[in-house]
Every structure is written in structure tokens, then in C-alpha cells.
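**Q** Listed below, chain by chain, are the residues.
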Amino acid sequence: MRYSGWRIIKEALTGHKGWGPVWRDPAPKSEYDYIIVGGGGHGLATAYYLAKQFRQARIAVLEKSYLGSGNVGRNTTIIRSNYLLPGNEPFYEFSLKLWEGLEQDFNYNAMVSQRGIVNLIHTDAARDAATRRGNAMILNGADAVLLDREGVRAMYPWLNFDDARFPIKGGLLQKRGGTVRHDAVAWGYARGADLAGVDLIQNCEVTGMRIENGRILGVETSRGYIGAKKVGVAVAGSSGRVMAHAGMRLPIESHVLQAFVSEGLKPLIDGVITFGAGHFYVSQSDKGGLVFGGDIDGYNSYAQRGNLPVIEDVAEGGMALMPAIGRARLLRAWGGIMDMSMDGSPIIDKTPIEGLYFNGGWCYGGFKATPASGWCFAHLLATDTPHPTATAYRFDRFLKGAMIDEKGQGAQPNLH
Amino acid sequence: MRLTCPLCGDRDRREFYYSGSEDTLTRPAPDAGDAAWDDMLYLRTNPAGVTKDLWYHESGCGSWLVVTRNTVTHEILATERVADRKGAPK
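Residue numbers (the working numbering), protein chains in the order written: chain L, 1 to 416; chain Y, 1001 to 1090.
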């Protein structure tokens, strides 16, 4: 069933009786060529591209809860490719290009909205760093515009430009950045994968891995044993738990990140604003709520809820940047669990166990990476070679000193 | 979340700085090889459940603490000063 304007008109005239379930609910088979563990954005995108782009068959996605029940529905929906380092920027730009064609590709309205993202600048040093970052972006085929103070003021005249500690001196704008309706990304990939023949198996938790002579044979699940030639794990947030079944320790700690939505307001912010110095970023959803967040809570957690000090810190950042936010009431706050890696960058790699592949360590930047993560993981699963934009995302980069540390913080996950 | 410092008593979480797993207290020998050092520096067990982590009481007495905590419920089960452990350097 393809979605189109004509289809909506036809269904409207015939009482909407033609809409059916968007994907099947199959029982697990005894064996597959590929099992993807994790029915979130990355897992569903992996299955979608594996079936569609790499022409593989006999694929299952195993999800412990319902599809899209993890971080793909718990983020602040921002897409961008404003990275600096060679190991990262080509990958994220590849992802942004995939976002640009995504809705046509999987025939689903994900509300990809390239409304622009501004990183604010407060000092000469920050302007130098933003200039360097902008140049790195342009060299990798992305877009970047360096704004002066008046350039930012023309976009957002109500920001607090003369804050005593962090006066706004300019901004680095990526016009192609923006926001996406996050749940629809999971649904679009799920529908696309299902149409391509992938079995999406929900309420199916992986409880063990059958490994013999250094090779994976299949996974034990809450719905019985399922054999597989290759198993790809894409469960960021729960990576430690799942990979423990394979006896692996990871260069990852799980941390909780909170996000917030205000009550619905009239249109105020048409893009995304990040105030890195004040640990605050904000956009406005199509429903009118201000969507904002700040730093991770700072300690390892699997609780999917945070603590009050970070709420206070984020609120202070918001008040410093845009005092008008003080009049808005907070509607919702929630926490998601991040795979915080040791250098702030992800991993898409084979494991020492033959047939077992890993995708994780996305820190709090996983949502924007969803299309490229799925594509590159599918590439690795199908061809056993890394995609050209993901060659740096290796497990052994820590052992070999080839870290991709955008912030230069060292091996301390809570600082990235 | 509140932590009980053995010296200062029950204190707000904001007085403390989290610094990762207590595994890092156990260092391999200098010549133990790359794999052992990689394991200590970069790899984590990262359990969903009871964990032991290092916290620094930076706005208090300056003690390094080993905090036993449940990562799923945020319950604090025990706190202990690293300096009070057997074999700790004085």
C-alpha cells in the first residue's frame, strides 16, 4: 500500500475503510540469515537498507518491547552534520543527505524540516573554532555560514545578546540542519522493511547468545531460540546488557539524558538554537511546544529518568539565553539512556565473535545518525567491509590510539 | 539523589563528582601489555543493576569515595572512603 494524496482523497470518500495495519505481526521462524537485535531507529533502518539496498533476504528484527520504544522516541529530534573531525564529518553529512531523500525513499511522511541550526558564539576563541568547524564542514560537502552578531539578531531578535557572562557575538549556521518527526522515522523504516519482507518481531527479548567455537549460531529469546548466520546488535542504551550475553565488555558507559517540552506556544523559534556555553539547546515543535535540553546527568544509569539538579541547570541556561522562556510552563520532562562511549563517537564494527556485529556508542547524537547508521551497518553485515564513511568507527581505535574525540575530553564518558 | 559521605554525612548529589567505575583503582603492572591497559582504561562492565563507582566529594571534604549504587533504581547501597580500604596508600 503506497501513501499518496490521491489515496487520502479516495479513502476520505469511502469512509476510510481501506486502511489496514501498516506492518505484519509475524511469529519468529526457526532460522534467519540476518537477525537485527533492536527495533529502534537504527535497527529498523539497518533492516530496511539490508533488504532494499543490499538485496538480502531472510531478515528479522527482534524488539524486546514495541517498535520505536527506545531512544528514537525519546530524543529532541534534531538533525545536523556540523562535526569537525575527518572520522565523523563525512559520515554525518552522508546521513544528512539520506535524510533529505528519506521520505520519498520510504514513502512515509517523517516531517523532515530543514529549518536551520545555529551554534552560538560568545568569544573570539569560539569564533575561531566555529570558523574552523565551518570550513571542515564545507570541505566535506556540507553547508555552513558564519554569522556575526547582527546576523543572529536578524534571526532571533529576542535572544539575550548582552548577557554579562556569555554575550552573543555570532553563530555558526547550518541551514540544512533541522528537525524530524522522530516516531515517524521508526514507523517509516518499519513499514519499509516489512514491505521488503523483513519479519518485525516484537515483545521478543534476547536473553542469551549461542556461541560455539568463536562463532555465533543464534540467539535465545523470550519467544524461543532463533538461529542466524549473522547477528547485528543495534540497541544503543542497552548495549552493555545485550553484549554481556556474548561475554563482551564495551568502551561504553550508560548515562541518562533528560529532555523537556513546554506548553504549546505561538510560533517563536523557527529553527534550532544551541547555547553550548550554557548547556542549553532549544527548538519549537510543530505543535508549538518548546523542545529543549542540556547536559547528561553525569553518572551511569539505566533508569530512564533523571534528577532535579540537571532540570535546574537546563532552566538556568534557558533563562540566560532567552529570558522570555521564564513565562512558559514546563509540560513534560523525560530521560533516555545513552551509550556514552570513551571518545564521544560511535562504533559500527565486527566483534571478535564471528557472525556477531555491533552498532552502538551513539552518545546523545544517535537520532541524526539514524539513516547513515542503518546504511553503514547494513553495508558491514552484507559485505563484511565497512562503508567508506564509517571506517573509523572501530572497536580497536582505543587500543591503537585512534580516538575520534570531537571535544578533546579524553576517556571519560560523562564529559563528552 | 543524595550520597552519604563517611566524613561529612548525608549530602546533596551536587557536592560530588562522578568519575567512573571503581575498576580503575586496580591498575595493571606497567609492563602488563597493551591489552591489559586497554581493558583498564577503556572497557567497562557497565551493569544494569548494582555497580561500584568512584565519586569525588569536591564541595566537601575532598575524599574519594567508592559508592555502591543500583543503576536501575538510583538507590545508594553503601559508601566507603577509598582511603579507608585495606591496602590503600596512606
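Honestly, I wouldn't trust all of these hints.
Mimicking DMTMM-like on lysine to aspartate or glutamate, the simulated pairs with C-alpha atoms at most 25 Å apart in a straight line are [stated by the list, open to error]: (1) L/350 with L/212; (2) L/350 with Y/1012; (3) L/407 with Y/1010.
Computed footprint of chain L on chain Y; a stretch qualifies when at least three of its residues, placed anywhere within it, have a C-beta under 8 Å from a C-beta of chain L [said to hold, decoys possible]: (4) 1035-1046; (5) 1081-1087.
Non-contacting residues of chain L with respect to chain Y, defined by C-beta distances greater than 10 Å in every case (computed) [claimed, not checked]: (6) 6; (7) 18; (8) 238; (9) 253; (10) 279.
The hints are simulated quantities; they were obtained by calculation from the structure and are not laboratory data.
Please read all numbers here as calculations on a predicted model, not as lab measurements.
Idealized CB from N, CA, C, for every residue including glycine.
**Q** Of the hints stated earlier, which fail here?
**A** 2, 3, 5, 8 and 9
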